[in-house]
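Starting from the known structure of chain A, arrange chains B and C on it as the hints suggest.
These are the residues of each chain, in order.
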Amino acid sequence: MTTLSLGRKKNRQRTDAIQKFVIYLILIGGAVIVLFPFLWTFSTSLKTPDQVYQIPPQLIPNPAEPSNYVRVLVDRPFARWLLNSLFVVVISTIGTLLSCSLAAFAFSRLRWPFRDKLFLVLLATMMLPTQVTLIPTFILFKELGWINTYFPITLPAWFARNAFYVFLLRQFFMTIPLDLDDAARMDGASHFQVYWRIILPMSKPALGVAALMFAQFKWREFLAPLIYLNRTESLTAAVGLRTFMDETHGTDWELMMAANILFMAPVVTVFFFTQRYMIQGVVITGVKG
Amino acid sequence: MAAPWIFGFVFFIAGPMIASLYLSMTRWDLFTPPRFLGLDNFHALLTDDNTFWLSFRVTTLYAVFSVPIQIAVGLALAQLLNQKIRLLGMFRSVYYLPSVLSGVSIAIMFRWIFGTQYGLLNGALKLLGIEPVSWLGDPDIVLLSFILMSVWGSGANMLIYLGALQSVPTELYEAAEVDGAGSFRKFFKITVPMITPVIFFTLINGIIISLQEFQTPFILTEGGPANASLFIVLYLYRHAFQWFKMGYASAIAWVIFFYVLVLSVLVLRSSKAWVYYEGSLKGRGE
Amino acid sequence: MYKLSRRDFLKFSSMSAFGAAIASSPWSALAQDAVTLRLTAWGNPTEVQAREATLALYDEMQDAIDIEFIHTPGSDYMTKLQTQLAGGDYPDVMFLGNGAIEPFVARGQLLALDDYLARDNFDTSDISQQNLKLYNVDGVQYGFPVDAPNQQLFYNKTLFDAAGIDAPPADWEDESWTWDAFLEKAIALTDKEAGVWGWQVKTGFRAWWIWVTANGGAFFNEEGTECILNSPEAVEALQFLGDLIHVHEVAPPLDVASEMGSGELFQSGVTAMETWWPAIGRMRTNIADKFEWNVAPHPAGAAGKSTSGGGTGHTVSAFTQQPDESWEFLKFLISTDCVSLWTDIMGIVPPLTSVAESDVFLKPGEPPADILVFTKGNDYLRPDPRHPQFTQAQQIAQSQLERLWVGGVTAQEVCDDIVSEVNRLL
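Protein chains in written order, with the working numbering: chain A, 35 to 323; chain B, 993 to 1278; chain C, 228 to 653.
To be clear, the hints were calculated from the coordinates, so they are not data collected in a lab.
If you're wondering where the values come from, they're calculated on a predicted model, not measured in any experiment.
Where hints are given, some of them may not hold.
Think about it this way: if two alpha-carbon atoms lie no more than 27 Å apart in a straight line, the pair counts; the simulated DSSO-like pairs of lysine-lysine are [what the hints assert, rightly or not]: (1) C/419 <-> C/603; (2) B/1118 <-> A/238; (3) B/1181 <-> A/54; (4) B/1076 <-> A/238; (5) A/44 <-> A/54; (6) A/44 <-> B/1118; (7) A/44 <-> B/1076; (8) B/1118 <-> A/54; (9) A/44 <-> B/1264; (10) C/384 <-> C/603; (11) C/360 <-> C/384; (12) C/517 <-> C/360; (13) C/419 <-> B/1118; (14) C/558 <-> C/603; (15) B/1178 <-> A/54; (16) B/1264 <-> A/151; (17) B/1181 <-> A/44; (18) B/1178 <-> B/1264.
Chain A with its partners taken away, still in its complex shape:
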């Protein structure tokens, strides 16, 4: 290496260090802003009813009341609700990933009649507020005998019910060069093989993002489980969470917040441990082709 490029490198390192410092500053500042309300939720979950209404509010409750968590788990079947949610989320996430990626593949990498028109139809299905299709949909599921079962909130996911994810995956698929498909086809691969062997493995980050987002959406989903599930023990956690709230008789905030922490904890944990694999799972290879 020449001396010139060495000097440049040293210079480079210094600007890098400054840049890093600024980045940390921004990240930590933002993190504090984001985290503060969560700390407050956590702190409220450890308060006695008296401390909840204390003015001005205390951040660190003294004495702390961890028994709020016990009450949430014992007085109400919250553990059961969490399990129900887990079940619903796993079943429907698998379905969504498979069916939406198939549709996304068809909409991005195959040519067929009315493709672009149908794509607009697909987008349009996201544009009508769900409040007005609620009753017709309910009637449909009632005719199928699905009321008070998990079918209405799991099965449609296997038929790409959530256009959002078709759209999301399509956009990701469209960033993958078409040459790859062509090369595979020349080797005699079918459409399905191209999808399964080439597009899916190359789209792990996208699938990871979609899985995380859908699972998280499903975990929080409220209206459908509220409408279709009747028995207390079969509710999902998102609906169960709301049963701690009461406008007329007053909400016990300390219980509500403890339930909230229990509700968020699994999602945050899963995210923390999987984000690396999901987002950094694939360093793009084979693009050079």
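Just chains B and C now, with coordinates in the frame of chain A:
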């Protein structure tokens, strides 16, 4: 291969959508048989309902500001969190946290943040010597508060962009570095153009979501004060489930539908000028 | 085809790790030996506890009827119930606010109870007649009340004593308790330095309805063809309330109140007087021995004293397959046993005179000392206006009045706007 979707669409979606379109042309109290009115609901809605136009204005203003801000903040976060730094996983999780919260908790939290006397935000402003602001109690300010709140949800966009950044070929950056390009130049000349399909997605999706904002105003302000945060879907909801006017509510829904559709088609049209598809079928002269 | 996929799905899921979670869940069919009635209701954890206790009692008492309790969180209850009804999935017994009775009857959704009342010669004399009437439309009875919650003035006796001010009189016939007397006390009690307010202007309909009716105002004219909230009586009452915030400054501005949790101000000792529905049990627990408290009627306006209220009741769906069993269950719900248990757990004002006179309600030695204010208040109850468009009209009034509470407009301007907007609806 789109068969599952087509089946799902015909089976689960098309029927209820058509039903609601029919209902929008009726008077229906949710129980006794609907009475057909033709386009009367739409006529009343568009010419004689000041509250509807008020909510239309509120919702549009909210979308116009919140969507670009969410995209910009999401993109900035993704860029910051796509480098080799310490505690990367922790930072990503922290910034994604707000997206994990349920709508109720978000609303409750913001009641506390936006409080006039003891609110966090006014506490911070006080340090800067700024008088307390009535974030949720002043009809002129409440919409601004909702826009600020929407920034909170940028973590979802961040996640999408993080995914997209992985597919930007590293050799493009290497080539740019050889040419002596700095970080900003690389970001705007390589990163942004390469992920335009995904930015396009978040733009369309942002428009759809923000024009249907419901839960937070429903819990936090109930549309107040004096209807200053009356989002369209909140107004629709009241007609549908509180006032027993499902026909009118469906008409509102279909007006929203066409509004979103027109905006989306405009964005879609414009996308040819700014969205770059590596895998586009069209670019290959077929 | 559907059966096959269902079975496959079931098999698949039972093999999965979550088999345990679903074994007793909606995947498996309900065994139906006794007649099962479906009861829908909302409620916070305390109310669910009361619900479960009364249902357990019912279960002990008889074997013929099982109750399936469908619990839906409060703010979403009507959304779910209406979807169920519109979709033809009818519950048998429904918990309904009295405001919903009229629209439900208008749409033919409630079972008329008159034939059953006559058949069983059912004695309703123990039920508070004012509250029973709330479930009666055009002379036909459709349900029974679960409580008799008229709204009264709660006051913090410790703050009154500290300021050396006489407490508001508990006697409904005491004519010295006027708006002027009220204002005087509110001013004397307010100590902003110490963070104490004399009053809180609550924005809910029933909170201001007391003042409007006490002054002789009304919402609709007799025929229900016109909104008359801009009458001098109503305007004067609303202006009086607005002035409490902006002129006399004895009530906190709305944003300050809602930040501290407008529902919690009284319980945390911030307000000296406040309108409350009788959440007596909750008050006892939350206030405990922080301060002494008691209740009194609201002060008399030009037309005398008044209280608002309503409450909730049980009704039977018009489409139940088991009307006889539903009626039997309804009779249990209004029985002394059930009402006593409910009152004991919930700490509300019971709809039965026998229970209202018993220690289950009076709880001697526990606050409020003048608990009889509630029972006597039934005679002064001015229920919500009955009108098919009332819920929407009320929302219009609510949004417009927020301008008055925020400040900068007169009650006259606001009421004129309400009237013109509501009249367009009629």
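Going through the hints against the structure:
About 35 Å separates the Cα atoms of residue 419 of chain C and residue 603 of chain C, which puts this hinted pair outside 27 Å; it is violated. Only pairs whose Cα atoms come within 27 Å are accepted, and residue 1118 of chain B paired with residue 238 of chain A is rejected, the gap being roughly 47 Å. Between residue 1181 of chain B and residue 54 of chain A the alpha-carbon distance is near 21 Å, which keeps this suggested pair within the 27 Å criterion. Proximity of residue 1076 of chain B to residue 238 of chain A is assessed by CA-CA distance (about 20 Å); at most 27 Å being required, the pair is judged to hold.
Restraint check: the Cα-Cα separation between residue 44 of chain A and residue 54 of chain A comes to about 15 Å, which is no more than 27 Å; the hinted pair holds. Taking the CA atoms of residue 44 of chain A and residue 1118 of chain B, the gap is near 44 Å; set against the 27 Å cutoff, the hint is violated. About 19 Å separates the Cα atoms of residue 44 of chain A and residue 1076 of chain B, which keeps this hinted pair within 27 Å; it holds. Restraint check for residue 1118 of chain B and residue 54 of chain A: the C-alpha separation of about 31 Å exceeds 27 Å, so the hint is violated.
Taken as a hint, the residue 44 of chain A and residue 1264 of chain B pair is broken in the structure, with Cα atoms around 43 Å apart against an allowance of 27 Å. Between residue 384 of chain C and residue 603 of chain C, the direct Cα distance comes to roughly 21 Å. Compliance with the 27 Å bound is thereby established for this hinted pair. A threshold of 27 Å between alpha carbons decides the hint, and for residue 360 of chain C with residue 384 of chain C the separation of about 34 Å lies outside it, so the pair is violated. Only pairs whose Cα atoms come within 27 Å are accepted, and residue 517 of chain C paired with residue 360 of chain C is rejected, the gap being roughly 38 Å.
With a C-alpha separation of about 20 Å, the suggested pairing of residue 419 of chain C with residue 1118 of chain B holds against the 27 Å cut-off. Simply put, residue 558 of chain C and residue 603 of chain C have alpha-carbon atoms about 25 Å apart, close enough for the 27 Å limit, and the pair holds. As the CA atoms of residue 1178 of chain B and residue 54 of chain A are separated by approximately 17 Å, the hinted pair is consistent with the 27 Å bound. Of the supplied pair hints, the one linking residue 1264 of chain B and residue 151 of chain A holds, its CA atoms being roughly 16 Å apart against a limit of 27 Å.
With a CA separation close to 25 Å, the supplied pair residue 1181 of chain B and residue 44 of chain A stays within the 27 Å bound. In summary, the hint linking residue 1178 of chain B to residue 1264 of chain B is supported, as the alpha carbons are separated by about 23 Å, within the 27 Å threshold.
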